[in-house]
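Novice: Chains as they are written, first to last, in this note's numbering: chain A, 43 to 552; chain B, 147 to 312.
No wet-lab data here; the hints were simulated from the structure.
Hints may contain errors.
[Unchecked claim] The following label-pair restraints were derived from C-beta to C-beta distances:
#: 1; chain 1: A; residue 1: Pro-326; chain 2: B; residue 2: Leu-255; range: 42 to 50 Å
#: 2; chain 1: A; residue 1: Ile-472; chain 2: B; residue 2: Ala-204; range: 21 to 29 Å
#: 3; chain 1: B; residue 1: Arg-211; chain 2: A; residue 2: Pro-213; range: 37 to 45 Å
#: 4; chain 1: A; residue 1: Ala-427; chain 2: B; residue 2: Asp-299; range: 30 to 38 Å
[To be verified] Which chain B residues stay away from chain A? Per the calculated CB distances, all over 12 Å, these:
#: 5; residue: His-186
#: 6; residue: Val-201
#: 7; residue: Arg-211
#: 8; residue: Ala-227
#: 9; residue: Pro-294
#: 10; residue: Val-307
[Claimed, not checked] What the simulated footprint calls covered on chain B by chain A, stretch by stretch (three residues with Cβ under 8 Å from a Cβ of chain A suffice, anywhere in the stretch; the number is not a length):
#: 11; region: 161-169
#: 12; region: 176-185
#: 13; region: 214-223
#: 14; region: 242-248
#: 15; region: 251-264
Here the structure is a predicted model, which means the values were calculated and not measured.
Here a beta-carbon is modelled for each residue, glycine too, at the ideal position from N, C-alpha and C.
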Amino acid sequence: MTTRILVPGDAAARAVGADRVAAALQAGIERRGLAAAIVRTGSRGLFWLEPMVEVETADGRIAYGPVAAADVAGLLDAGLLEGKPHALRLGRPEEIPFLKRQTRVTFARCGIVDPQSLDDYRAHGGYRGLARARELGPAGTVAEVTASGLRGRGGAGFPAGVKWQTAADTPAGTKYIVCNADEGDSGTYADRMLMEGDPFAVIEGMTIAGYAVGAAMGYLYIRSEYPDAILAMERAIATARHAGVLDGFGLEVRVGAGAYVCGEETALLESIEGRRGQVRAKPPLPAHRGLFGRPTVVNNLVTLATVPAILADGAAAYAALGTGRSRGTMPIQLAGNVRHGGLFEAPFGLTLGKLVETVGGGTASGRPVRAVQVGGPLGAYFPPALFDTPFDYEAFAARDGLVGHGGVVVFDDTVDMAHQARFALEFCGIESCGKCTPCRIGAVRGKETVDRILAGENRDANLALIEDLCQTLRDGSLCALGGFTPFPVMSAIRHFPEDFRRRRLPATVA
Amino acid sequence: MGLGSAARSGVAVAAWSEAEGSAIIGRHIGRPGPLLPILHDLQTAFGCVSAEAVVAVAEALNLTRAEVHGVVGFYRDFRRAPAGRHVLKLCRAEACQSMGGEVLARQLLDRFAIGWDGTTADGRLTVEATYCLGLCACAPAAMLDGQPIGRLDRATLDDIVREVEP
Numbered sequence: 043m044t045t046r047i048l049v050p051g052d053a054a055a056r057a058v059g060a061d062r063v064a065a066a067l068q069a070g071i072e073r074r075g076l077a078a079a080i081v082r083t084g085s086r087g088l089f090w091l092e093p094m095v096e097v098e099t100a101d102g103r104i105a106y107g108p109v110a111a112a113d114v115a116g117l118l119d120a121g122l123l124e125g126k127p128h129a130l131r132l133g134r135p136e137e138i139p140f141l142k143r144q145t146r147v148t149f150a151r152c153g154i155v156d157p158q159s160l161d162d163y164r165a166h167g168g169y170r171g172l173a174r175a176r177e178l179g180p181a182g183t184v185a186e187v188t189a190s191g192l193r194g195r196g197g198a199g200f201p202a203g204v205k206w207q208t209a210a211d212t213p214a215g216t217k218y219i220v221c222n223a224d225e226g227d228s229g230t231y232a233d234r235m236l237m238e239g240d241p242f243a244v245i246e247g248m249t250i251a252g253y254a255v256g257a258a259m260g261y262l263y264i265r266s267e268y269p270d271a272i273l274a275m276e277r278a279i280a281t282a283r284h285a286g287v288l289d290g291f292g293l294e295v296r297v298g299a300g301a302y303v304c305g306e307e308t309a310l311l312e313s314i315e316g317r318r319g320q321v322r323a324k325p326p327l328p329a330h331r332g333l334f335g336r337p338t339v340v341n342n343l344v345t346l347a348t349v350p351a352i353l354a355d356g357a358a359a360y361a362a363l364g365t366g367r368s369r370g371t372m373p374i375q376l377a378g379n380v381r382h383g384g385l386f387e388a389p390f391g392l393t394l395g396k397l398v399e400t401v402g403g404g405t406a407s408g409r410p411v412r413a414v415q416v417g418g419p420l421g422a423y424f425p426p427a428l429f430d431t432p433f434d435y436e437a438f439a440a441r442d443g444l445v446g447h448g449g450v451v452v453f454d455d456t457v458d459m460a461h462q463a464r465f466a467l468e469f470c471g472i473e474s475c476g477k478c479t480p481c482r483i484g485a486v487r488g489k490e491t492v493d494r495i496l497a498g499e500n501r502d503a504n505l506a507l508i509e510d511l512c513q514t515l516r517d518g519s520l521c522a523l524g525g526f527t528p529f530p531v532m533s534a535i536r537h538f539p540e541d542f543r544r545r546r547l548p549a550t551v552a
Numbered sequence: 147m148g149l150g151s152a153a154r155s156g157v158a159v160a161a162w163s164e165a166e167g168s169a170i171i172g173r174h175i176g177r178p179g180p181l182l183p184i185l186h187d188l189q190t191a192f193g194c195v196s197a198e199a200v201v202a203v204a205e206a207l208n209l210t211r212a213e214v215h216g217v218v219g220f221y222r223d224f225r226r227a228p229a230g231r232h233v234l235k236l237c238r239a240e241a242c243q244s245m246g247g248e249v250l251a252r253q254l255l256d257r258f259a260i261g262w263d264g265t266t267a268d269g270r271l272t273v274e275a276t277y278c279l280g281l282c283a284c285a286p287a288a289m290l291d292g293q294p295i296g297r298l299d300r301a302t303l304d305d306i307v308r309e310v311e312p
């Protein structure tokens, strides 16, 4: 019998040597004449343990990690294929506390299945959701998504069912499903992991959305920084089409070109249409007039990839998880200076402190945590004093922050928060689409003003000016890029005022 | 430690050819929203979207040159001139900042005596700033000729330097 050895093909696992490990394993297997085959899976999302190798034994899977190519010979000598002891042996992956604490709904298959195998997808519950949708009919499917309480996981948190209903209510004719995989927020990688680790879930989710609202064509817009994900999705779509599971639904990948603002839904539509990625004024809503002027549902990739599980197991099961108006689970991505960085899917409601300290294990550097940025570059910086904030859309909003796409970036006590505020404004200036004045000009003037504060010029007056500017950005910008840049800037000023007032050597300015 | 199993000889590109350019454009012309796929494919073939390419695309899609130029200029990915033989994207976003990415980036740029988005005098390397590669739990992160590199440190930087040696 051939033993299966599972080595992640996920880009982050490859970035830390998974390909070298797979090659060393292949060579070792051949040299020793072992009956074993290597399967490249997605990642389980325990990135501090990557490359994490799993082997299928009579007692289930046994994991080893982090494995370097140089460890492979020793592992094979020790009896890797039988799951025998070794210094790198982690035991059953499901028993690793980081995984054991999770409730995996959206990520149920990621890291477990062969991502390019439709049979494997089916064997692990794939296409049960679409089958149930067909039983319920289009209106029943929309009602089910509404009842689940699923909200947009891209950041805005708008109820997915309401969006679908709006598009479904438009007169029949050409409609589109657009999947937003322009995952540009620093600290986030959930879309990427799903595309690489469970691409058929994305395909099934889009197919269900098309069926529910009466759209026969879907576009999947993936950022160009994700070459592995683009390849994985194109291969999986070809497989699905060949196997006939798309059932007439047209599906095409479109590749972004390095513009962060194209993650905003209307800029994304402009980009697919072949124009500069400039934001459109709303109304009209994309659900009324979106891509090529037709009714369009634009959903984040995590939102769409969660739909099959909701349909398969019922809205009630999903809605039973979570807290308040934040129902279901959120794939939280722990990143940056954190000891146990990785994908942590859990029902809404865990506190930020528990996530950072208990789940994440504090900083990677071993120094105290000073700040945590939640929700990407437009999210607020929270100090440990706010670690009692539960992970929940409304709770973060109440503290002038946002959950966003679920990224949590940890910083230790060496961080300079004035520098981070300056970066937020600089980033807004670099990525501004240029359509509205507050964002295009405000970001640049804001950065210049922070530079004056850093140089010690009229600190109080300039801090007041920044606050005034942030109000203009918040109230006067067309989209979240300008509208939310005040979150990181003002949270840095409010929670870390000392960093804006200390004396600096001229060389450290800017 | 080497960087990876994939052989990295750098990116081979051809000089602009009207015939080949037209063939690439022709492959997309019937699609809805063909412009970005065309520009991506032209850049893959020719290493950049040159002035000649802009003219050819504008004519084929019945757009003005200004419209095409405006799109090329908007997106960071599209180049007006070919990059160096190797392209290194270094992430400058927050997760990588939190792990000391800016200091490492500065060391690398100084080593090659170039600035952000600059190309070495011998044309062997272009270093581009990027804002997130989705490798944020393995920060600082980079991408060399499309291959991801995580947990960047002095040793991996040395590997990169060796990798791009002429």
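Novice: Each hint should be assessed against the structure and marked as holding or not.
Specialist: To see whether the hints hold, each was checked on the structure:
At about 46 Å, the beta-carbon gap between Pro-326 of chain A and Leu-255 of chain B stays in the expected band of 42 to 50 Å. In this structure, Ile-472 of chain A and Ala-204 of chain B meet the distance hint of 21 to 29 Å, their C-beta atoms being roughly 27 Å apart. A hinted range of 37 to 45 Å for the beta carbons of Arg-211 of chain B and Pro-213 of chain A is consistent with their spacing of about 39 Å. Checked against the hint of 30 to 38 Å, the C-beta distance between Ala-427 of chain A and Asp-299 of chain B comes to roughly 32 Å, which is consistent with it.
Non-interface status of His-186 of chain B relative to chain A is broken: a Cβ of that chain comes within 12 Å, the nearest being about 6 Å off. Val-201 of chain B, annotated as away from the interface, keeps every beta carbon of chain A farther than 12 Å; the closest lies near 17 Å. With a least CB separation of 15 Å from chain A, Arg-211 of chain B remains clear of the 12 Å interface cut-off, as annotated. The Cβ of Ala-227 of chain B sits about 16 Å from the closest Cβ of chain A, beyond the 12 Å cut-off, so the non-interface label holds.
With a least CB separation of 4 Å from chain A, Pro-294 of chain B falls inside the 12 Å interface cut-off, contrary to its annotation. With a least CB separation of 18 Å from chain A, Val-307 of chain B remains clear of the 12 Å interface cut-off, as annotated. Under a criterion of three residues with beta carbons nearer than 8 Å to beta carbons of chain A, the stated coverage of the region 161-169 of chain B fails, only 0 such residues being counted. With 7 residues having a beta carbon nearer than 8 Å to a beta carbon of chain A, the region 176-185 of chain B meets the requirement of three or more and the stated coverage holds.
Check on the region 214-223 of chain B: 6 of its residues sit with their Cβ under 8 Å from a Cβ of chain A, so the three-residue criterion for coverage holds. Chain A is given as covering the region 242-248 of chain B, and this holds because 4 residues of the stretch bring a CB closer than 8 Å to a CB of that chain, at least three being needed. Requiring three or more residues with a Cβ within less than 8 Å of a Cβ of chain A, the coverage given for the region 251-264 of chain B is violated, as only 0 such residues are present.
Consistency note: the structure conflicts with the earlier hints numbered 5, 9, 11, 15.
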